[in-house]
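*Asks:* As given, the protein sequences belong to chains E and D, one line each in that order.
Numbered according to numbering that gives the first Met the number 0, the first sequence spans residues 0 to 385.
Numbered according to numbering that gives the first Met the number 0, the second sequence spans residues 0 to 643.
Simulated from the structure, these hints should not be mistaken for lab results.
Only part of the chain D face toward chain E is listed, based on derived beta-carbon distances under 7 Å:
1. E270
2. P551
3. L561
Each computed DSBU-like pair below joins lysine-lysine, with the alpha-carbon atoms no more than 35 Å apart:
4. E:K282 x D:K138
5. E:K281 x D:K328
6. D:K331 x E:K282
7. E:K282 x D:K328
8. E:K218 x D:K151
9. D:K331 x E:K309
10. D:K157 x E:K222
11. E:K282 x D:K323
12. E:K282 x D:K157
13. E:K85 x D:K573
14. E:K278 x D:K328
15. E:K282 x D:K451
16. E:K278 x E:K304
17. D:K150 x E:K282
18. D:K552 x E:K218
19. E:K222 x D:K151
20. E:K281 x D:K157
21. D:K157 x E:K218
22. D:K552 x E:K282
23. E:K278 x D:K331
24. D:K157 x D:K116
25. D:K331 x E:K281
26. E:K309 x D:K552
27. D:K150 x E:K218
28. E:K222 x D:K552
29. E:K282 x D:K151
30. E:K345 x D:K552
31. E:K281 x D:K552
32. D:K150 x E:K281
33. E:K85 x D:K642
34. D:K328 x E:K309
35. E:K281 x D:K323
36. D:K150 x E:K267
Computed footprint of chain E on chain D; a stretch qualifies when at least three of its residues, placed anywhere within it, have a C-beta under 8 Å from a C-beta of chain E:
37. 49-57
38. 519-529
39. 569-575
Bear in mind the structure is a predicted one, so any value in this text is a computation, not a measurement.
Positions of the beta carbon are idealized from the N, C-alpha and C atoms, including for glycine.
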Amino acid sequence: MNLRPYFSQSPVVRVLSSVRVTVVCLLLLYLLTLVGTIAQIQEGLYLAQRRYFESFFFLAFGFLPFPGAQAVMWVLFFNLLCAAAKHFVYRWQRIGIIIIHAGLLLFLVSGYMTLHTARESHLTLSEGQASNTSVAYHDWEVAIWEETAPEDNLTTSRDVISLDTRYFRRGQEMDLKEPGVRWIVTEYHHNCEAYKGQGSNTIRNASGLVRFAAAPLFKEPEKNTPGGIFRITSGDSAGIDVLLYGGENIPTPVTIGFKTYNMVLRLKHFPLPFMVRLKEFKKEEHPGTQTPRSFQSLVEIEVNKAWREKLISMNEPLRYNDFTFYQASYAVDRMGRESSTLAVVKNAGRLMPYISTFVTFMGLVVHFGIAALRPRKNSTEKTSHA
Amino acid sequence: MRNLVPVFRFVTGLFLLAVWISNPRASAAQAVCPLDSLKPRQVKSLETLKQIPILNQGRIKPFESFAKNFLLLLSGRERYQEESAVEWMARFLFAPRATYDDKIFLINNPEIPEALKIAPEKKRRYSYRQLEAGYEKLKELVNVISGIDEKKQSVVDKELLRVYSNVLLYIRLSGAFMYAVPHPDFTFSSAETMKELDLPGEPGRFFSFFDILEKSDGLSRIMELLPKKNRTTWTARDNDAAKIVGSLSFWTDHYAACPLGIIPTQRHDNEEWLSPMDAIIQGFSDPVTGGEIKNLRDMTMHYWNGSQMEFDMSARAFGDSVFKRISPKEQKAVGTAPLELLYNTLNLFAWAKLFYAVGLILFLCSLLAEKPWMRQATIAATVLGFIPHVTALVLRILIMSRPPVSNLFESFIFVGAVCAALGLILEAVNKNWLGLVVANTGGFVLLLISGKFSAEGDTMQMLVAVLNSNFWLSTHVIAITTGYAGCCVAGIMGHIYILQALSRPGDLNRLTITYKNMMGILGFGLTMTFLGTTLGGIWADQSWGRFWGWDPKENGALMIVLWCAMIFHARIAKIINPLGAAVGCILALVNVLWAWFGVNLLSVGLHSYGFTSGIANALILYVVIEILFIAATVVILGQKNMKF
Numbered sequence: 000m001n002l003r004p005y006f007s008q009s010p011v012v013r014v015l016s017s018v019r020v021t022v023v024c025l026l027l028l029y030l031l032t033l034v035g036t037i038a039q040i041q042e043g044l045y046l047a048q049r050r051y052f053e054s055f056f057f058l059a060f061g062f063l064p065f066p067g068a069q070a071v072m073w074v075l076f077f078n079l080l081c082a083a084a085k086h087f088v089y090r091w092q093r094i095g096i097i098i099i100h101a102g103l104l105l106f107l108v109s110g111y112m113t114l115h116t117a118r119e120s121h122l123t124l125s126e127g128q129a130s131n132t133s134v135a136y137h138d139w140e141v142a143i144w145e146e147t148a149p150e151d152n153l154t155t156s157r158d159v160i161s162l163d164t165r166y167f168r169r170g171q172e173m174d175l176k177e178p179g180v181r182w183i184v185t186e187y188h189h190n191c192e193a194y195k196g197q198g199s200n201t202i203r204n205a206s207g208l209v210r211f212a213a214a215p216l217f218k219e220p221e222k223n224t225p226g227g228i229f230r231i232t233s234g235d236s237a238g239i240d241v242l243l244y245g246g247e248n249i250p251t252p253v254t255i256g257f258k259t260y261n262m263v264l265r266l267k268h269f270p271l272p273f274m275v276r277l278k279e280f281k282k283e284e285h286p287g288t289q290t291p292r293s294f295q296s297l298v299e300i301e302v303n304k305a306w307r308e309k310l311i312s313m314n315e316p317l318r319y320n321d322f323t324f325y326q327a328s329y330a331v332d333r334m335g336r337e338s339s340t341l342a343v344v345k346n347a348g349r350l351m352p353y354i355s356t357f358v359t360f361m362g363l364v365v366h367f368g369i370a371a372l373r374p375r376k377n378s379t380e381k382t383s384h385a
Numbered sequence: 000m001r002n003l004v005p006v007f008r009f010v011t012g013l014f015l016l017a018v019w020i021s022n023p024r025a026s027a028a029q030a031v032c033p034l035d036s037l038k039p040r041q042v043k044s045l046e047t048l049k050q051i052p053i054l055n056q057g058r059i060k061p062f063e064s065f066a067k068n069f070l071l072l073l074s075g076r077e078r079y080q081e082e083s084a085v086e087w088m089a090r091f092l093f094a095p096r097a098t099y100d101d102k103i104f105l106i107n108n109p110e111i112p113e114a115l116k117i118a119p120e121k122k123r124r125y126s127y128r129q130l131e132a133g134y135e136k137l138k139e140l141v142n143v144i145s146g147i148d149e150k151k152q153s154v155v156d157k158e159l160l161r162v163y164s165n166v167l168l169y170i171r172l173s174g175a176f177m178y179a180v181p182h183p184d185f186t187f188s189s190a191e192t193m194k195e196l197d198l199p200g201e202p203g204r205f206f207s208f209f210d211i212l213e214k215s216d217g218l219s220r221i222m223e224l225l226p227k228k229n230r231t232t233w234t235a236r237d238n239d240a241a242k243i244v245g246s247l248s249f250w251t252d253h254y255a256a257c258p259l260g261i262i263p264t265q266r267h268d269n270e271e272w273l274s275p276m277d278a279i280i281q282g283f284s285d286p287v288t289g290g291e292i293k294n295l296r297d298m299t300m301h302y303w304n305g306s307q308m309e310f311d312m313s314a315r316a317f318g319d320s321v322f323k324r325i326s327p328k329e330q331k332a333v334g335t336a337p338l339e340l341l342y343n344t345l346n347l348f349a350w351a352k353l354f355y356a357v358g359l360i361l362f363l364c365s366l367l368a369e370k371p372w373m374r375q376a377t378i379a380a381t382v383l384g385f386i387p388h389v390t391a392l393v394l395r396i397l398i399m400s401r402p403p404v405s406n407l408f409e410s411f412i413f414v415g416a417v418c419a420a421l422g423l424i425l426e427a428v429n430k431n432w433l434g435l436v437v438a439n440t441g442g443f444v445l446l447l448i449s450g451k452f453s454a455e456g457d458t459m460q461m462l463v464a465v466l467n468s469n470f471w472l473s474t475h476v477i478a479i480t481t482g483y484a485g486c487c488v489a490g491i492m493g494h495i496y497i498l499q500a501l502s503r504p505g506d507l508n509r510l511t512i513t514y515k516n517m518m519g520i521l522g523f524g525l526t527m528t529f530l531g532t533t534l535g536g537i538w539a540d541q542s543w544g545r546f547w548g549w550d551p552k553e554n555g556a557l558m559i560v561l562w563c564a565m566i567f568h569a570r571i572a573k574i575i576n577p578l579g580a581a582v583g584c585i586l587a588l589v590n591v592l593w594a595w596f597g598v599n600l601l602s603v604g605l606h607s608y609g610f611t612s613g614i615a616n617a618l619i620l621y622v623v624i625e626i627l628f629i630a631a632t633v634v635i636l637g638q639k640n641m642k643f
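Could you put the whole structure together from the sequences, leaning on the hints where they help?
*Replies:* Take a look at the structure:
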């Protein structure tokens, strides 16, 4: 059944399938890329990326609504679909064009998948140390877990309630089923400094902190240290005020009913599918220079209760299901002990860009190849000047 | 020959000897070199020296390349006046004082000599003696700058740091062969001591550090008795021995950690190479290392005496000894030395530049009065330029055992070669001068720019870990630079199209041919830039776990892809005419330059340094000229009713 006449009649399809829309979208994307690149000098990569590339709209010059790259790419996506339905000529001579645009559609889909499903974190291990959680670069969480007897602390896992702090707003309330309490955000700062000393003595904090001074956000998000004051109420009780600060090392214990819970504001932790132990870290430099030649982490992973070794080096990551572990950086402490940082990426659509690249490139080769091999209509003027 | 350890044991054990060690006379080790007033006779040929392998900047290279890179680093030139880099370097290493007045320190910023109270030089190059006068001030300024955050350092600050680092390097390297040169620190007042040590001549004669080192057995025997004696009962012989041992100790400390990697260590797992003094400290007791140190000493002496044959024999003996004991991997690197020497000698890029220039001149002449032979001659010139261009690229691949593009310099020569190749293909197809203009313009201009980058020193640097992967370099970088080349050629053809439209607007046949070729090449540029960009994403995914991170370099490449795609779609939508497409191609060229230097340009103001700010100015000037050209074109062709 040929659906083309049906599509062609729709005014929406007629507008959206226009090549002029494609040109405008390409121009907008071009401008956004240019502005988003230059803006990185002032705003840093993270903020520029969120403002220009991941947004639907932003205010240019502080007042003028302007489409962000995500909005433009959505328009381009539908433009491509509509053009494919209305304008594309499905003949062998045009096969290159069709393949190119199929590849581009795949690119747009893979971009969407990566934006919404990929998760980046890191895992820092000293030699001999093992872990089964990775830590986010700059996303924070309030972690709450029930205090256990000291002998149970030797276990390698525990149940933790995690509250995503990204959307914390003053006055925000939520019900936490497990401790059976109501959680109210009294105050929350994405970057602040915390102080001990005089203040309300009703606020609980393990380090003796009592108040915050809000600070402007850094353009490097990993430099921000958040802090918040939260009220925990259960039943008709007046509630307990808890202060949590990202710069603290120790959790604050709070007793609710007959149980004691530890609470901490920390970089988000993610469970890994296995335990990873760093056996050895090796760094080589080109002789007589400070230029690094290679970094290598020899790790052991525990899969199905069996440990196996794997060497992770630059350009040679460890892959397991949707997880990939990359050699990211290293450090040497004052005692000379080496630690290695592995970037941990979970991305279900990891292969999509590979497929899209292959498809689009093949399309380009076929299209321009056909154009180049097509018989020439005009004879050239052999001695004319350029 | 014996290890120095027994000798130093006495040095550290004797309190009185410590007085000698800290004696201010010793600190004047360099200042009173008796060779100050003498000139070395020098040897006429340094062919054997050229081939000696040196480990420098992580790479084993022939002495000639080391010399060239060092001179380039200091002076921005590969020669010093009439001397080749090797000749100057030999003079510097074997007789450093003979180079104190050579004006080899390039100082780009005139504020620096002013701050150091040095009379400014027209050619911006200063001698060590001139800088020595302002050294304390230079050190003081550098101390202040070191406390400033790197991002906040000004162009002058960066230049000061560069000059200081070069002066330090010069000073440290100048001591590399001092161990072989006679010096007053090693004189004896007692004939008895000299006789006991079996040293020739009369008291007061200067010996070298090496001469004394060879007598370390005898010296140890004298020193063994000293702790048992009262200082007041020391004889002239004892004083001589204590003084000499003090000098030995000072020299080993003063000339240690010299950055001349010429003697490999004994262990294959240690890839470091040492300077003669460091080798003396670490392994003089080893007969092979000791022999090599002696070979180098002999070379120094024969250089001073002008004994060519002896010099060559010592150099060969040294080279053979080193080659025999290094690891197979190092032997492979040393094995490429003849290729590198050939590369240095042939100066292929200069020839390529010359022939491309001849091709361009022939084309310009043909515009005035075309003769039938001119096109053939231009083809010959282009091919003669292309052959050395590609040969140099191949030689570099063989020498470095890696793909042709791994730094900015190589990207220019590679893009230049691809432009020339595309031009020759176009000429073979069209036979209408178009390809010849493209090949010669692209090849010549890009080789000219690459020359500026080679002035920074070694163009064959080692790669950092993340780049140290041949597969990804050979795919991503080659694809993207080929894409750059395609867009550059399309940009050149955009200019040609507009010039043709300006000169003969009615010649539609010619305009159509140029337009079709231009769009074809732009398609090629788009395809390769797209491939390069996405392969870069795959490389990033392999290395860091993310395909796309919106970083400036990625964005620059994406902008080329978007721009080229926009030109094609704008033509389909009939928003622009062929003339508009030609303007688009010119702007694609501007885009390529942005992507190529985007990251560096963004750094301007944050951490700019001499050459980058120079590039920024040149690029801004180029963009302004291009915009003026396009504006003038729009006005003139608009008046002729030609539509964009």
